[in-house]
Amino acid sequence: MNARRAHAKSRNGCAQCKTRKVKCDEQIPCSRCVKRGDKCSLAAIITPLSTGGASSVTGSRTHAQDDDVFTLSDISLFHRFSTTTCRYLAGPNLPSPWLDYIPELATKHKFLMQEMMAVAALDLSINAAPTGEQVTANLELARHHHSRGLAGLRIAISSHSAELIEAIWACNTLLIPYYFASTADVSSLLFRENSTEPAEWMTVLRGAAMLYLQYEQVLLSGPMRVHIQPYKTGLRVGAVVPPKTTPSDTHVDEMTTRLQAYLESNATDSYTDARKLDTMAEVFKFLRSCFQISDRGDFLSIKSASLSFIAVIPPHFFELMGRKDQAAMVIMAFWCVLLNRAEKGTWWMQFRKVRNMLQFIADMLEPDTRALIQWPLDQLLAPED
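Quick note: the sequence shown uses full-length UniProt numbering, first residue 1, plus one each step.
Note that these hints are calculated values from the structure, not bench results.
Certain hints may be false.
[Unchecked claim] Capping the alpha-carbon separation at 27 Å, the derived lysine-lysine pairs in BS3-like fashion look like this: (1) LYS324 - LYS285; (2) LYS344 - LYS324; (3) LYS344 - LYS285.
[Unchecked claim] Ranges between beta-carbon positions, derived for each pair: (4) ASP269 - ARG296: 19 to 25 Å; (5) THR183 - LYS285: 28 to 34 Å; (6) ALA281 - GLU197: 21 to 27 Å; (7) ASP368 - LYS285: 33 to 39 Å; (8) LEU277 - GLN217: 34 to 40 Å.
Ideal Cβ positions, reconstructed from N, Cα and C, are used throughout, including at glycine.
Throw the hints in and build the complete structure from the sequences for me.
If you want it as structure tokens, here you go:
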């Protein structure tokens with residue numbers, strides 16, 4: 001009997017291929033793991049990056065050791081964010097902490113790093129993935145990192161720590177790109193399913209906004225101030241001194257007058273309606289102030305106006321919104337104009353997200369309240385050139 005031909009054996013294959021007793025090509029990650037969708041042991045980084053943030057808030061390790069190790073794939077996502085994705089957030093021709101300070105900050109706070117990688121994965125899936133398989137893989141990576149980033153962000157917010165406020169602000173800002181890029185159903189950007197709670201991203205934003213007010217001077221004294229300054233005005237809209245009439249005032253004021261008349265004519269229960277009228281009076285004031293901020297026309301004012309509105313409106317408004325109240329939906333139609341100004345042209349708003357959201361709202365309204373949102377409809381749904 002002929003002797004079995006000898007062949008060189010490699011001992012450097014991945015653990016997954018060794019377990020399956022199949023030949024590993026020793027690529028990083030190996031092609032078999034990529035094909036199966038497994039986490040390849042060859043892709044692991046031996047030395048984990050700093051994991052500050054969420055786990056440091058609790059004072060104990062809250063993740064398994066494997067979760068504290070970033071893979072080469074993760075580092076590739078961080079590279080994408082720090083070289084490409086960050087530029088979409090920085091704004092045109094502006095010195096911005098997104099270009100250098102915030103990526104460095106993420107190396108100290110894991111929840112921020114996770115959310116950065118989630119947004120970078122979405123950026124790749126929309127802008128740089130040549131095949132359907134790669135799109136799917138990037139979307140899965142985005143969900144994976146976001147779920148961990150969001151959990152860490154919530155812990156960080158609950159800690160009320162001044163040391164975390166910059167990372168919280170940066171992570172919170174990334175929620176708009178994440179949710180709008182990853183969500184096909186525009187209704188979920190407004191509501192939670194089977195709940196009167198606002199959409200998840202709105203709840204997190206409102207929680208963080210309270211910290212901004214508490215630690216405002218910390219934010220304004222550091223590298224973040226260039227992006228924070230407009231929010232200082234936005235989050236204190238009650239103290240805003242009204243400027244000269246701005247282009248949006250006529251439309252907002254007309255809607256306010258007509259919607260107040262609608263509310264008064266449809267009042268049936270004195271206590272309930274009095275509370276609703278008080279809430280809406282606050283909302284009218286906030287909406288007008290946010291449009292005045294947006295009408296300044298500069299990048300940061302336009303950005304801050306859309307998010308500040310969600311941050312400062314009273315909690316009772318979200319109860320009305322969760323019940324699909326007609327007046328609340330009229331207000332949200334006007335908010336769509338603010339959002340469209342802030343996010344128009346960004347890759348995460350592709351596929352007419354804000355336009356579809358406004359159309360969704362319009363379809364919920366009855367004829368008499370739908371007539372009140374003609375200006376937003378004209379602004380967003382007019383035929384494009």
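Outcome of the hint check:
1. Only pairs whose Cα atoms come within 27 Å are accepted, and LYS324 paired with LYS285 is accepted, the gap being roughly 21 Å.
2. About 26 Å separates the Cα atoms of LYS344 and LYS324, which keeps this hinted pair within 27 Å; it holds.
3. For the suggested pair LYS344 and LYS285, the alpha carbons sit about 25 Å apart, so the restraint of at most 27 Å is met.
4. Distance hint check: the CB atoms of ASP269 and ARG296 are about 40 Å apart, inconsistent with the given range 19 to 25 Å.
5. Look at THR183 against LYS285: about 30 Å separates their beta carbons, and that is inside 28 to 34 Å.
6. Checking the proposed 21 to 27 Å range against ALA281 and GLU197 shows it holds: the Cβ atoms sit about 23 Å from each other.
7. Separated by about 24 Å at the C-beta atoms, ASP368 and LYS285 break the suggested range of 33 to 39 Å.
8. Distance hint for LEU277 and GLN217: a CB-CB separation of about 36 Å, consistent with the stated range 34 to 40 Å.
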